[in-house]
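Build out the structure end to end from the sequences listed, making use of the hints.
The listed protein sequences correspond, in order, to chains A and B. The first sequence begins at 2 in this note's numbering and counts up by one. The second sequence begins at -9 in this note's numbering and counts up by one.
Only true hints are included.
For each label pair, taking beta carbons as the anchor points, the in silico distance ranges come out as: (1) A:GLU146 to B:ARG162: 52 to 60 Å; (2) A:PHE59 to B:GLY319: 24 to 32 Å; (3) A:GLU146 to B:GLY319: 49 to 57 Å.
Coverage of chain A stretches by chain B, computed from C-beta distances (three or more under 8 Å per stretch; other residues unrestricted): (4) 26 to 37; (5) 72 to 81; (6) 183 to 191.
For the record, the hints were derived by calculation from the structure and aren't laboratory data. Don't be surprised by glycine CBs; every beta carbon is placed ideally from N, CA and C.
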Amino acid sequence: MEPFKKLDGLVFPLIRSNVDTDQIIPKQFLKRIERKGFGECLFYHWRFDDNGNKKQDFPLNNPKYEGASILIAGPNFGCGSSREHAPWALQDFGFKVILAPSFADIFFNNCLKNGILAVTLPEKVIASLQDKAEKEVLHLSINLEEQLIYNHQFSISFEIDEYQKHMLINGLDEIGLTLVHEEKIKNYEMSGR
Amino acid sequence: MPKTIIEKIWDQHLIHREEGKPDLLYIDLHLVHEVTSPQAFEGLRVNNRKVRRPDLTFATVDHNVSTQKSRVSTDPVSVKQMTTLEKNCEEFGIPLAGIHHPDQGIVHVIGPELGLTQPGKTIVCGDSHTSTHGAFGAIAFGIGTSEVEHVLATQTLWQRRPKTLQIKVNGRLGLGVTAKDLILAIIAKFGVDVGTGYIAEYTGEAIREMSMEERMTVCNMSIEAGARAGLISPDEKTIAFLKGRKYAPKEDFEEAAQRWLSLATDEGAKYDRTIEIDAESIEPQVTWGTNPSMCLSINDYLPVPEQLDNPEECKAAEKALQYMGLVGGAPINEIPIDYVFIGSCTNSRLKDLRDAAQVIKGHHVHENVTALVVPGSFLVKAQAEAEGLDKIFIEAGFEWRESGCSMCLAMNDDIVPAGKRCASTSNRNFEGRQGSGARTHLVSPAMAAAAAIYGKFVDVRKLSKTVLV
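So this is what it looks like as structure tokens:
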């Protein structure tokens, strides 16, 4: 996994609550057996009509958001299905950071396992950032070490679990870490608990 | 100190705890299906790793399978995904209930049916409806593909100790009101994220009264309330269900049963949060929108967005009504439907099929409606046929299919066409869930059966008393 330390990127605001993983990546794209290439299917039915043409009313199709790498979403983002294809699609599309007032549990974990930084911020802060990103072109810098989101006008600090931070910054392979505890796992199995 | 069942199971499975880190938990049962596993197996191969405990792993095909008699999938990509699972199971030595195997079925139907699901176990699967298995007093939750790989390699998972949520159901459900109506009413009342960060335990009289199948319906939809896992303390019903099952303990069953019963939440144990609902007040439910909390009683009227106080809710309702092709203020019981789907890991067990058959018996599916029944497993299908339920459905004009996930998520050919409206016993009414542009209304099996007859939603309680269950 690629380490995540810092990022300077363009913001795309998705102003909807309870966006489920069926919307992030519809089921017809879950049949592939590879991890890559899901970006083109991201938000498929919001981005494209039945003939595969781009829908003009979906903001992500607006050229001003081209190259966005920071997604600012609404509350309970990523609810529903456990499909890891959702973070794979977001990442493959170019998103490396997701900011939201809250995330669904499984989706949040799935992001972490793929090196995507998912940060929870107060609803008011999210709303004001979304508003800015909608009205102007908003670029933000994110420094994970310092736990700061900033640009030339403002700076916001954020909370993150120490363990998650460590995993992201070092891009660690969790299985490798777990196998350090092989002896304990073996003992557990022997104990017949 | 008195403990909840959640704390008891968690502590029993703790392998390693360290300040500032999640807990490392041992996993007793890992269920695998074709959609969320191929990349995990590939990860093992790339890193030259083995499956640590194939004996604690069990696989089946369910999401993609054709429910036609021939079982032939028309989509080559689906076929490839299924054959990939077969190859992976063979390579890594994992038992597989393949498409023609008598143990095949929806992963959350066969786990309990085979007795793989047992109280006190930690159970995971790359599927969010793994919460279903909590009905037996297990901590069971959905995981992503990276975690699938982690469990395959290590039989463990790093997990933050969750908070505990008690969902207390006071009193009893009325006649014609089912477990499905209860869980929908809970989600409607408390919202789709009330359980985020928690493991839920369902308690109270109505829960104790329920059969194991009904309990599975309730726990199944815990994730629709945001809770990754939802469980119910084991009791005599749990024990009776498991006795004699294929993988349940045999000669030491009594000993296991005593151990299982001792897991129940202790008197006086504290939860981080408790929410309550009165069972008596619940009526048959119908969802009207695009998430499961957008749900009303059968005799209610659709919300009028402008009349909602919260601007967020107003916007969401407006969007949902537009997607659903509905007009605010209209009565629920006048919504015409085109499709009826009885199936899914929520409602495809024998009791569900009996409930629906009882309503449908002697009636015929409305001329505007296409209706299908998809039993949850090979075994459920066989049992239903032994009781003659298949004949009741077929004579009424239903299609009687082979087992699988089918129209719940429409990964196979069972798709609701765009703009069509389906009364479905499944668990998600998300946009496009049953097909691009399809409109889903979640209901109980009895309500779905009644809708099939009348071509619109009707209060199942108003039908002849003899059909009520």
